[in-house]
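Asker: Sequence order for the protein chains is A and B. Just so we're aligned: the first sequence equals residues 13 to 471 in this note's numbering. Just so we're aligned: the second sequence equals residues 13 to 471 in this note's numbering.
To be clear, the hints were calculated from the coordinates, so they are not data collected in a lab. Treat the hints with care, since some could be wrong.
Same chains, same label: a pair holds when it works inside one copy or across any pair of copies.
As the list claims (entries may be wrong) - Result set (DSS-like, lysine-lysine): computed pairs, CA atoms no more than 25 angstroms apart in a straight line: (1) LYS317 x LYS267; (2) LYS348 x LYS267; (3) LYS355 x LYS267; (4) LYS469 x LYS249; (5) LYS353 x LYS267; (6) LYS242 x LYS67; (7) LYS417 x LYS22; (8) LYS317 x LYS96.
Number of protein chains: 2
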Amino acid sequence: MTLDAFFYPKQVVVIGASNTMFNLGATICNILKHVQYNADVYAVNRKGEDVGGCKGYVSVLDIPGPIDLAVLITPAAVVPKFVKECGEKGIQHIVIESSGFSESGGEWLRLQQEVDTYAQQYGIRYLGPNCLGVLNTDNKFICFYGALPGVTMFSSFLNIPTGEVSYVIQSGGIGVLVLDAFRTDVSKVFKMVSIGNKADIDESDLLEYFNSDNTKVIGMYLENIQNGRKFFETAQKVQKPILVFKVGRTAAGAKAATSHTAGMANNDTIFEHACKQAGILRLQSIRELHSLPKMFTHMPPLRGKRIAMITNSGAFGGITADLLVENGLEMASISKATQEKLKQTGTLYNTANPVDLGPALSLQAFLDIYDILLSSDEIDGLLPVPNVWQEIVIEGIVELIDLCKKYQKPAAIYIPNAVDRILTIRTKYQIPVFESLEEAARALAVSHQQYQFLMKKSQ
Amino acid sequence: MTLDAFFYPKQVVVIGASNTMFNLGATICNILKHVQYNADVYAVNRKGEDVGGCKGYVSVLDIPGPIDLAVLITPAAVVPKFVKECGEKGIQHIVIESSGFSESGGEWLRLQQEVDTYAQQYGIRYLGPNCLGVLNTDNKFICFYGALPGVTMFSSFLNIPTGEVSYVIQSGGIGVLVLDAFRTDVSKVFKMVSIGNKADIDESDLLEYFNSDNTKVIGMYLENIQNGRKFFETAQKVQKPILVFKVGRTAAGAKAATSHTAGMANNDTIFEHACKQAGILRLQSIRELHSLPKMFTHMPPLRGKRIAMITNSGAFGGITADLLVENGLEMASISKATQEKLKQTGTLYNTANPVDLGPALSLQAFLDIYDILLSSDEIDGLLPVPNVWQEIVIEGIVELIDLCKKYQKPAAIYIPNAVDRILTIRTKYQIPVFESLEEAARALAVSHQQYQFLMKKSQ
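Using the sequences provided together with the hints, build the complete structure.
Answerer: Given below as structure tokens:
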């Protein structure tokens, strides 16, 4: 099965889009016009009126020619009826964004069952219900509702550059947060799917799909796992990094999540163990969904555990050593011979690990030091903490990135400044800098973990 | 003993300040002129030349009138000589900023011993060596070297507003990072001391001093503890919140720290236990040094463990519940009666905890909901996650802060947006907003921990 029709539809109908005030379907028509999405887009509503420049009809059955994707955003009660009509029209892919299904419990379960009956009858695959839909930066297909050009909080997902990280998100709010954070980061989003109640297409289907397209890194925010066996078996086959944040580490968390999107609580200990078996990188916070991918998109993998820390600011050696050890890595031991080489680059405060450059050094000295450390077989990766006192420090970081590629060893860089300054420098120079030492150490740890997963999977 | 002379000196001499290029002492003279520090400032150098508008002398002994504070920033080898001269002049307080003492090992230990001999002979108390000195926002006394008006990276500690949080920092770099972060936060720094090798005045002396002045919250970054018994006994007597980040949780971290400032490694398990006994809040990251104080400066204490989570964005209920439980708190159970009251404020998505307001509500509805929750005896504190879709959401937050004071219950507020937007909103409206859910949950946890410490200490 390919899910391409959900990401590259040639004809789209938005069922429930009208010119009524606050109509959410209309925001989808408006977005697709705004980004000049290159396909036929129709609206279906009671009056058959055009919406945001999209031709309107009373029923999908009235639309001439084939339709390969329907976006359904109507009250829950009428969703089954429209699914049936889509089936009659020969539409085989639907995004059901309407809420009020099994997440609401009780009588609403009946609606869900009706939807499933029609879907089966007509061979329909659907996303949702209770979801925000699809965003594809590759061709600008967006059916997230609520996005309004010009409204700051919602404009994060309009006209964003295309990237290499694809997401499965079981909550629209988290998706928007991730997109918003990428404005000031070097990795970019490729595709994002908000899966909601995932009554049909689930995280495993999307994992398989993202394994087959140009996605480089897969990120997932899950409130539950629909089918554990299917999920872990699929993950086993995926060589790309899979970063998963799962809610419900505690019973209270699992309970709170069920009121939001329908789903059963999962035993967290079993989940943790299965992730390790299946080669899934488990995340410790929502932030890591957007902070860690750059370690995979911008740096070679960490093949060993021995890290050299380099600073021109003195203070951070002890903290870094603590963090490396707590993350299962180690402070590399730098031999006398390598220390001798380091000494020849200038006046260093400390040539053992942490290497302390002191405040005043030339660009060449920075580059020589990076080269000596990366080329040494005593060291597997770097954690540089350069204080950006002068422009040359940034120039050094830019060249360090090339050196990392040359030697196929990664550097997780942290600039010891307030976060607003870090974001400004990162955005201006497009360098993969982390926002804290904790994040940099974690990035090295997940890079090494993924390397170990790959070794195991390729055996 | 009072350390007031280090923070409110009436006559200061900077020994080692000259007009040589890159002279660090000169930067201190320049700062004190730049901030128009209201006292006599002198320079001592070989030529006896004036520096940055400060009258110059060849020796402190030549300066007419008394001096109550000397700042020493010369090569290590001549420090003992100058300490002796200070003693002869009757100067009883010295900040020794020079490095190259016991942190360098070997022969340098002899210099340290000489300094101690003279200090004892003349009754001198000193800070350092190997430190950045003192910053007092109250009267603008600053003897941090290296600060240059106009140079962005160093200007964080010039002309900053005065606040209520005082710091003891065993590394200048961390101090500058903390000051830089406060530019975009609601808490502000009162006093900061960089203690370096703390061969005389140590963290315990400063803890005692900050307990006696107008400091409201005490923050500490320590690479080692000079005298464990003295430290914990002092802490026992302090009722103000003491936030401590200590390096050396692992052996590698302790080892790396010793190359930076002189100090013995301390057993971390013993330290952890002693903190709990002495009522010290142990921090989990450097960030917490500047992110957590606002919970104490801007919110009442958390007296119980039952937290209500409120959101208009759906997604964050499960994550919050996980974090609260992992932080030793709990999701408050909201009774049917209280839920009935909540229902009368408008169309809520969920009236149980997490309370989900849905996207569109009036300011009055927000305030009614905050009031119902804070006035309920089922709830000890709030964790609101308001998505700032409209201006009224921010107005609601501003009024929430007053309601927290009225009911003497705290709210740890998180806005689910990218961090740059959070910083902008926090700075513009001066509201105590946290940068992540993790941070907000931690803030509630430390607030409650401090409350429990106080209950124990006041028995």
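Asker: First find the shortest C-alpha distance between LYS242 and LYS67 inside one copy, then the shortest across copies, and answer within, between, both or neither for a cut-off of 25 angstroms.
Answerer: neither (41 angstroms within a copy, 79 angstroms between copies)
Asker: At most 25 angstroms between alpha carbons: which applies to LYS317 and LYS96, within, between, both or neither?
Answerer: The answer is neither: 57 angstroms in one copy and 50 angstroms across copies each exceed 25 angstroms.
Asker: Can you give me the call for LYS417 and LYS22, within, between, both or neither, at a CA distance of at most 25 angstroms?
Answerer: neither (39 angstroms within a copy, 57 angstroms between copies)
Asker: Given identical chains, is LYS355 near LYS267, meaning Cα to Cα at most 25 angstroms, within a copy, between copies, both, or neither?
Answerer: between (58 angstroms within a copy, 21 angstroms between copies)
Asker: Can you give me the call for LYS317 and LYS267, within, between, both or neither, at a CA distance of at most 25 angstroms?
Answerer: between (38 angstroms within a copy, 18 angstroms between copies)
Asker: Treating 25 angstroms as the Cα threshold, decide for LYS348 and LYS267: within, between, both or neither.
Answerer: Close across copies (18 angstroms), not inside one copy (57 angstroms); limit 25 angstroms.
Asker: If the cutoff is 25 angstroms on CA atoms, where do LYS353 and LYS267 land: within, between, both or neither? Let me know, please.
Answerer: between (58 angstroms within a copy, 23 angstroms between copies)
Asker: Evaluate LYS469 and LYS249 at a C-alpha cut-off of 25 angstroms and name the case that applies: within, between, both or neither.
Answerer: within (8 angstroms within a copy, 58 angstroms between copies)
Against the hints set out earlier in the document, violations occur for numbers 6, 7 and 8.
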